[in-house]
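Make the full structure from the sequences, and use the hints.
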Amino acid sequence: MQITAVNENCFLIQVADHIDLSLTDKIAYLTRQIELSLADSLLDITPSYSTVLVQYDLLKVAPLVVEKQLESIVFHCAQKNVPTGCNKVIELPVYYAPCVGWDLPALSAKTGLSVEQIITLHSDNHYRVCAVGFAPGFAFLAQVPQAISIARHRSPRAFVPAGSVAIADTQTAVYPSDGPGGWQLIGNCPSILFDLNQEPVSPFAVGDYVKFKPVSRTEFIDLGGKVIDER
Amino acid sequence: MKGDVGLRIIAPGIFSQLQDPGRYGQSKQGLSQGGVMDERAAGWANLLLKNSPNNALIEISFGLAEFEALTDLQLALTGAQMKALIVDRHLSTNIPQTNNCSFMLRKGQRLKLGFATSGARAYLAIKGGFDVPLKFASVSTVKRNFTGGLDGLGGQLKEGDLLSVFAQDSDVIQRSMSDKFIPDYDQPLTLNVIESYQADRFSTAQKAKFYATVFHVSAENDRMGMRLGGEPLDGPLAGIVSEGIALGSIQIPPDGLPIILLQDRQTLGGYPKIGCVARCDLSLLAQATVGKSIRFKPGCLAEEQLRYRRRLLFFNQF
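Chains as they are written, first to last, in my numbering: chain A, 1 to 231; chain B, 1001 to 1318.
Since the hints were derived computationally from the structure, they do not count as laboratory data. One should not assume that every hint holds.
[As the list claims (entries may be wrong)] Partial chain B-side listing against chain A, Cβ under 7 Å, derived:
{"hint": "1", "residue": "Pro1133"}
{"hint": "2", "residue": "Asn1145"}
{"hint": "3", "residue": "Ile1173"}
{"hint": "4", "residue": "Gln1206"}
{"hint": "5", "residue": "Val1241"}
[Unchecked claim] According to the in silico footprint, chain A covers these stretches of chain B (three or more CB under 8 Å from chain A):
{"hint": "6", "region": "1016–1027"}
{"hint": "7", "region": "1243–1250"}
{"hint": "8", "region": "1292–1305"}
{"hint": "9", "region": "1309–1316"}
Ideal Cβ positions, reconstructed from N, Cα and C, are used throughout, including at glycine.
This is how it looks when you write it as structure tokens:
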């Protein structure tokens, strides 16, 4: 693991330079330890697949002090097996159907799998939150079974409804808000996944697990889900 | 009296937003930090009124805005030159109002700004700050996150908006910036670079070209980032695993033309980065308009840390 200053008040901890699901426990552990250790002098922390970006307040703490704190945390993290199992499992209802999963028919045609098979493959799996970003509350989840992995659209859609459950290569995600997006849509989750009036604003933290639970159209509508036609 | 109605937006101009130093602690949820683009000019606007740098103020981009005082208000205007005028319907002529000093806008008077003639962004601060709703301790308007601003949804200021103010002190502050502190936004810009991130993956030749090239500000520039135009760098690097993006990061995407990531940047990105623009230099960059020449030179991390810390201490006097 490498710690480098990237600007006046940010350090980047590089755990590896590739995506590896076994890194997620380390990243989640580092993030928690840094939050505890830097406390008030921490301005922001941005964990991702293989790195943690740490921004601190230069008025409260000197760069050298932060560097020493980070070195100590990284040293301990490298020495022992980091504790696992402190991450929550988030179960999300999903209505898998072409009316909300606009790319489901195309995915079925491409893979030769039936819609039912795709649903089983996608929902019969625990996914790991590897990073949260791109948009508020957008969690990058890994890893989608190879059989249903599909590349992004060549050009993104101008409008993807909030709640859309989507695949890009071997990653999956739920779009927390309406907006543009290039991932392949296979369903919709009626849960609210980004709400500025809640703290935290989204349920996802790096290291958490996500399990998708298929629901019927009636359940979907009862849970507040909406069917929106493709524009 | 808390919450006295204070300033009415008669015209927001090209666009005007409520800003402060930004929203922190939410990056891991994917929220952008936002915050004033020119920390120096914004810092001065508050300092001229003996305010904390954390007080909310108005960031006026490119000008043409107009404001009306509903009570006597102590204001300060800094940053881009917009040929400000005080319009008083009881007077036959308008009174020119210079930048970079505190002044009084009396009840019923209007402050009218022209189009920016030098620089891009002006800051209008008010004694005690605006009394506006905060989200995660900040009013910073981040349009792409639907966060902050007067409506709490990332909206710009619009015609008819009323900004409440905290009780105005009876003692009038008369302060102005010494000329030596007033930057010339029309000078060509050379930005110090703290080499970091993937810097060691760029070849010596690529780096030499990066520092030798005179780039210019392209039309694709906003609060999220500034794309530069000019001669592209050769053999750009392959993408990297998405990682956290620090303020001022210089991304080199496949077309070989740098993008400097600014206040409203996304939290994660996967383009290789050669380093970051020095924090203090970002204030000058915030005032750069389309076509302005930009060069880079290698900076020293320790010196930039000192320079930035001194600036923070200076603006945190009150």
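For each hint, the structure was consulted:
1. Because the smallest distance between the Cβ of Pro1133/B and any Cβ of chain A comes to about 11 Å, over 7 Å, the interface hint for this residue is violated.
2. Because the beta carbon of Asn1145/B sits about 5 Å from the nearest beta carbon in chain A, less than 7 Å, this interface hint is met.
3. This hint is violated: Ile1173/B has a C-beta 24 Å from the nearest C-beta of chain A, more than the 7 Å allowed.
4. Interface hint status for Gln1206/B: violated, as the beta-carbon distance to the closest one in chain A is roughly 19 Å, over 7 Å.
5. Restraint check, Val1241/B versus chain A: the minimum CB separation of about 5 Å is within 7 Å; hint holds.
6. Note: the region 1016–1027 of chain B has 4 residues with beta-carbon separation from chain A under 8 Å; the three-residue rule is met and the coverage holds.
7. Evaluation of the coverage hint for the region 1243–1250 of chain B: fulfilled, as 7 residues show C-beta separations to chain A shorter than 8 Å, against a requirement of three.
8. Three residues within the 8 Å Cβ limit are the bar, and the region 1292–1305 of chain B against chain A gives 3, so the coverage statement holds.
9. Using a Cβ-Cβ cut-off of 8 Å, 4 residues of the region 1309–1316 of chain B lie near chain A, which meets the minimum of three, so the contact claim holds.
Comparing the model with each numbered hint stated earlier shows that hints 1, 3 and 4 do not hold.
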